[in-house]
Structures are given as C-alpha cells and as structure tokens.
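Asker: Chains as they are written, first to last, in our numbering: chain S, 1 to 315; chain F, 316 to 567; chain A, 568 to 886.
Worth flagging that the hints you see were computed from the coordinates, not collected in a lab. One thing to keep in mind: the hints can contain errors.
Pairs of lysine to aspartate or glutamate residues, derived as EDC-like cross-links and limited to a Cα-Cα distance of at most 16 Å, are as follows [to be verified]:
no., chain 1, residue 1, chain 2, residue 2
1, F, 367, A, 778
2, F, 391, F, 376
3, F, 391, F, 470
4, F, 367, F, 379
5, F, 525, F, 542
6, F, 367, A, 786
According to the in silico footprint, chain S covers these stretches of chain A (three or more CB under 8 Å from chain S) [said to hold, decoys possible]:
no., region
7, 709 to 720
8, 867 to 877
Which stretches of chain F does chain A cover? Using the computed rule of at least three CB atoms under 8 Å from a CB of chain A, they are [claimed, not checked]:
no., region
9, 362 to 373
10, 382 to 391
11, 543 to 554
The model shown is predicted, which means the values in this text are computed figures rather than measured ones. Heads up, the beta-carbon is just placed ideally off N, CA and C, and yes, glycines get one too.
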Amino acid sequence: MTAGVTWGTAALLAVLAVASLLTGVIDLAPGNPGAWGVLLVSRLPRTLAVILTGASMAVAGLVMQMLVRNRYVEPTTSGTGQGAALGILLVTLFWSDAPILAQMAAASLCALLATGGLLLVVRRLPPTQPLLVPMVALVYGSVIGAVVVFIGYQLDLLQYVEVWTNGEFSGVILGRYELLWASGAVAVAAYLAADRFTIAGLGREASVSLGLDYGRVVLLGLLIVSVVSALTVATVGMIPFVGIVVPNIASRLLGDNLRATLPGVALLGATLVLACDLIGRIVRHPYEIPVGTVLGVVGAVVFLLLLHGRPGRAG
Amino acid sequence: MIEILGVSHAISGRPILSDVTLRLPSGGVTALIGPNGAGKSTLLSLMARLQKLQAGRISFDGLDVTRTPTDRLALKLAILRQDTVFGARLTLRDLVEFGRYPHHRGRPGSGDRAKVEQALALFGLHDLGDRYADEVSGGQRQRALVAMTFAQETDYLLLDEPLNNLDMAHARHLMRTLREVADRHGRTVVVVIHEVNYAAAHADRIVALKEGRLAFEGAPAEVLTEERLGALYGTPVPVRQVDGRPVALHYG
Amino acid sequence: MAGPAVPDKRLATLLVLLLALCAAFLTLGARGDWGFVLAWRGTRLAALLVVGAAIATATVLFQTVSGNRILTPSVMGFDALFVLLQTGLVFALGGVGAAALPALLRFGLEFGLLMGAALLLFGTLLGSARQDLHRMVLTGLILGVLFRSLSGFLQRLIDPNDFVVAQASSFASFGAIDSQLLALAAFLSAAAGLGAWRMRHRLDVLALGRDPAIGLGLDHARSVLLVLVLVAALVSASTALVGPVTFFGLLVTALADRLMRTHRHALLLPAAALIAGIALVGGQLVVERLLGLTATLGVVVEFLGGLAFLVLVLRERAR
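Next up, chain S with everything else stripped away, as it sits in the complex (with noise of 0.2 Å):
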C-alpha cells in the first residue's frame, strides 16, 4: 500500500510539473525563440519551488506534530511563522542592509524561539485533551502575528508583513529562490532523524527508556521545523495548512513510521502545494491568486473534514 500511494503520488506530482511549466501568459509554442528563456528563467525555477516549499513545509509540520505531539499543529498557524516574519522585521528594522545569512539567522532564531515557547505553554495543556492543543497554538500564533503587525505598521512596512504572511509564488525567477534548496536539504535531513523523531512522538518517557536523548532531539526537531519555516517565509511567504492536512492525510494512508512515510509526505506536500499553485494561476488567467490563499481556503475545508471526519488513529 505505502509504494502504491508513493508511487501513484509521484506520478501525479509529475504531470502537473509539467503542467505547471506549459502554464503561463507566455505562449511555449515551439518556435518562439524566447520560450525556451521563458521556461529557464521563470516555469522552471518556479515549479521547482512550489515543490520544494510544498515538500519541506509538510515535512516540518509532521515533525513540529512529533515535537507538540498532536496531530492538528503546523508552523504556519502555530507561531513559528509569524516568529520567523518578527526576526526578518526585526533585522530589517535594526540593520537594513544586512547580508542574507544574517538574516536568515535572525528568522530562524526568532521562529526558534516562538515554537520553544509555544512547546512551554502547551506542555502545561493535559493529555486527555488533544483539541486543546491546536486551539492555543492557533491563537498564540495570532498573538505573535499580531506584534508583527503591529511593528509593520508603526515603520511603514506594512506590505512586507503582507508579502511574507501571503504565499504568493509570482515572484519567483531564476536567482530568487535557491534558497529553498537549503530548505529543501534541511528536509532531507528530517528524514536521516527519522527514526528518533518517531520515538520521541512516543513522549519524553518512552524515549528516555528506549535510551534516546529527548531534549537533543527535541531541539534538532525545533531547528529543523524553525529553518524550513524561516526560509519558507523570507523567500515566498507563509504556505498555511500543508503542514496539518498532509500528514494527517498520509498518516492515514501510510501510518505512523515516519521513515517509512516521509518521502511519501513530501510527495503529497509538494503535489498539494503545486496543484493549489496551478488553481491560483488559471482561475483568472492571465491574473493570479496568491497559493496562500487558494491553500487558505482548500487547507481549511479539509482541515474541518479531518476535525469532523472519523476520528484519526491517534489524537
């Protein structure tokens, strides 16, 4: 079952690559002499990183559910996203021109930060409540978001925070996303920890007594979810739900095992994100609609399904 629902994803996730590179405003017709710079410059590295944002972000989301463990968090409603918006404001505001690193540094710290407080305060939350959860995260992400507004408006930033909370992938050509391969590589990286972020889904005691050290996973698991999030957001803005919807779609579909799923869920995260891109991009052709908020309204419909649907294996 696991191969079949790989496999069949990756096939679909390769027609609509394709699909995403023959659509644009630009005519590909062979012949056109400047289709094949179209296709190099701007189809191309925009499929690519609609599938490397799709990809890493579901990852992160099924190892930030690992780390809060429950199944209905993700970065991007959850804190870490308006923290990696917060770190990138706050180093614009303090040092406007600072090299690219630094600031992704500073996105990451800030996301670090936000998603280790958020794990404080839901550590308080009891177990038998597993609803609870989402809803203090949900809220607490507003909170942060709501500072990041609020600064965006005193300096006049204001359409920044836009286009960092707004997934939006218009913008991208070639030379103004490589930056999700790194994000793209931290991914792989989940996968090599796979394993120890399975055991640690099983709690601080189960994984003291199968000899893991928890805290040092616990801290890989945030820098991984805080990397992917702060790169996410700095380079195409926030991409809401995938990171819920995916793996709670692919647990379902392929269990628990996170070696064994997470090629699968970042196969699904990069096809949901790409088709929500596609939707975006024909819907008003030749006008766009953001992929944040095509996956706004897709990730919340099924999100409610997943809430209100038969209940998942575990909370």
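With chain S fixed as given, assemble chains F and A onto it according to the hints.
Answerer: Same frame as chain S, but now just chains F and A:
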C-alpha cells in the same frame, strides 16, 4: 395523577422505551428502579418534556406535556437531571432562587424570597446560602439543586438519581427530606434510584423498568422479592425482612 | 435574581471613568476650530462606543447560550463571515451594482444574509458545544480562516488590479468612519441592546443550560434563536463599521466577569459594555495621543485579547 400512555422512544433506530403505560396517583414517593440502560432517565426526560415525545402520551393532572405551554408546565412539575453542572458563578441561594423564576419571571417579590429561605432551611442549607456552588461539597450542591426544584412549588418533582455521589449520611438525609416533601408539603415525588434499599426504605411505590418495558410496579413490601429482583437485574438477589421491610443483600 | 434597588457601585465607577475618558478624548490636545474638532472627534468617539457596546453585548449573549466563556461570536467566525458576505455581495452584483444600492438596503441585505447563515451554521453547531467544546472552538477558528481566505479569493476575482485589502485585513480599523453607516450601526446596536436588556432575566435562566432552562419553563429553542438573531445584528453593526475583531469580546467579558462576580445579566451586560467603551476609548487615547502612533488600536486590542484567551484557557484547566 401522572398518566403515561403507550410511550415508545428510539434513539437512532435503537429502541429505548417500548410501549410503556403507567399511572401514578398523586402524592407520595415513587421510586423508579431498574438496571443500567433500562430507560429510566429517558422516561423521566420525556415526562419533563426535555426530549420530544415520539409515540404515546404523557399528562400531569390532565395537562398534556406536548400541548401545554412550557411555562405553564413549569408551574406543574419540576425536574432535576443527574450530573447537572452550572458554569455560571452562582451562590447556593442564587441557585435556589432560580426555582422561583416560573412564578415571578425575573421580578421576585418578598413572598418569593421567603420561599427561598424556607427551601434552604428545609434542605439544611441556611448557613451555606452565600457560598458559591463550586466551593461547597458535592452533597451540599446536590441538596441545593433539589432545593431549587422544591422552591419551584410544583405538584410534581422529578429527580434523576439525586443520590449520585452522596455518601451514606447525605443520601439518607436527602431521602428523608424527600419523604417530608411528600408527607408534609403534599407533593408527588418521582425519583430514579440506583440502590434498591433506599427505594425499599423510603418509597411508597416502586416502578421497575427493564429493557425499555415496565417490569413490575407496586408497594415495596409486595414487589421487592427475590424472584422479581433476580429477574430484573439478571443476578441472584437474596432478600431478607428486617424490621418488616425487605432488604436486598446484593453485596455478597 | 433579586436585583439591587440602588445602581451597583461598580457600574457607577465604570460609568464615571468612561465619561472622563470621553471628555479627555474630545478635548485633549485639540487646537483650532472647536466646532470642527468636536464634530470630527465626536464621530469617532461615537463609533468607538457603539462598537464597544455591540461587541460586548454580542459576546455576553453568545457565551450565555453556548454555556462557555471561551466561545465568542468572533472566535466562531461571525465577523469573518460578515466580511465574506460583504465581499460576496459585491462579487454577485459587481462593484458598480453594489455601490448603486442605497446604503440602508445594502446593509440590510448583508445583515439578513449574516443572520440566515449564522442561524444555519451556528444554530446546528451550538447543539454540540456542550459536549465537545474544543472541537467547537477549533472549528470556529478554522471557519474564520476559511471565510477570510474565501473573501481574499473573491476579492481577487472581483478586481485583481485594485482590490480593497482593507476589508479583508484581519484587524479592525478605527480610522475614518462613515457617518451614515455609523447612524445605522448605532440604531441597530441600540435596538439589539434593548432586546438583550429586556431578555436579561431570561438570559440568567438560559445560562443554566438547556435542561434546567426548560425545567423552569423557558422555551429554550426559541430563546436561543432570538439570542442568535441579536448576536447577528450586533456583529453586523460592529463589523460593518470597523471590520473584524477576533478576541476583543473575550477580553471584555473576562474582565466583566472578574469585576462583577455575578451571573446576573442585569449587571453583566452594562458592565461589559462600559468596560468595552473604556478599553476602546482609553486605548485610542493612549495609542494615538500619548504614544503618537497611527491607527493601530485594532491590532493592540487583538494582541491583548489573544493573551486574555490564552490566560483564560490555561487558568480554566488549572482549576
């Protein structure tokens, strides 16, 4: 008189009550007994119009529960469901005062206040009136809830397992108070009771339900026999006569 | 339920405080033509008061029928739904068509739609609130995201070049106020507020929950319906005026509850409305006059309200 005629009830296709017909005369204490899932609570809810009647008729002194306006019924019967919890910030006096609402609709007079104090006193709560409901013990809160139904001054009181979570002393005190409510104040009390011996000791009438049907009814001394209780609960229940009352020895 | 014969001292204090803040708001740092200043500031003051009272009343009402203190109309997505309906109306009629509608008719249409949608959606959802509160709240929060995203989606479809971001933004704006809309909102809020006041004793009983309320002779279903209609009216009024405000109501009712320590709506309703007015007028004074910041009260209010929500949830579970 309470008339229950051909009442059947099903929840998502599963029958809870099947063709229950029952007449309870006014006055006295009637205990509703039966194993878990027999339909006791459902029957009480239907009598108190908390659930919609699907088939059959229920009336109190000729007032049909489905056709009589709900505010009029509130002057005829009072109901206490089991496990009633209130989120609002209420003192025990506030709680009991709510029982007067059907009479004054939010504008209590001095008569209403006197009745509230009377109810508090009857249930031994006069010192606790100003305490908040979440600060007192479960037994005290439970008594306040029963006092609230008493303060409603209705002819009929329907109580669903009021002895839940009460220790021996509190349970006995509550049952004696209910006895007093029936004897001295002339009310009709219908109470769902889990523990047969409380029913034997304090009730005038026993009504037993099993699997949604009426199993038997009658005076405790007549119906609380080994055969009947054994059949009702599906387990042997030795019964002895102690001081002229049947006592079930179901602990051994 | 024995209402106090003399007005509650705490209410009187709140009222005096609010009046003092209003006076400060109107006069502090004013220069030039007084007639103009008072008219300009008066309009904004009125808007703050109307919005505050509307949100406070709507939240108290909603919490009463839902039987929980972390459930509010805005947390359940009412505001976002209103914005979606506004956007949907423009989408259906076209920008020109919608603009051509008389303001009253348009507002009435939006209000009617909200009422229908709210009753349909929340009437059915509310039934399960007591059993599964967290699922309920989470559903509401996600519905809010869904409605906001749908509004954003529709706005892109309406006019991708210059769609109005302001309406879809997640934060209320207390900046420029349309005086015609203000009059309408004030009237609607006053009517709904009066309705709520007249129901105050019934609300006390409703707060006990469905079964006790029926036992005490209340037509529960009808009362809840009526309350939801009032809530829809109040949310329409405040959202039309300033936009969505997610957590403010929660902050206000939490404070009112702490201050009044009572279940009586005769005290809770005015207390919540007064506290809301104090928070908004005082907040605007501090943010705008003292800190010299530009219209960000909506964000500050959300921040504080969100914190209040977290504190409430963490505390509730500590009990």
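Asker: Decide, hint by hint, whether the structure agrees.
Answerer: Hints, verified against the model:
no., hint, verdict
1, F:367 with A:778, "12 Å, holds"
2, F:391 with F:376, "9 Å, holds"
3, F:391 with F:470, "6 Å, holds"
4, F:367 with F:379, "13 Å, holds"
5, F:525 with F:542, "14 Å, holds"
6, F:367 with A:786, "13 Å, holds"
7, 709 to 720, "holds (count 9)"
8, 867 to 877, "holds (count 7)"
9, 362 to 373, "holds (count 3)"
10, 382 to 391, "holds (count 6)"
11, 543 to 554, "violated (count 0)"
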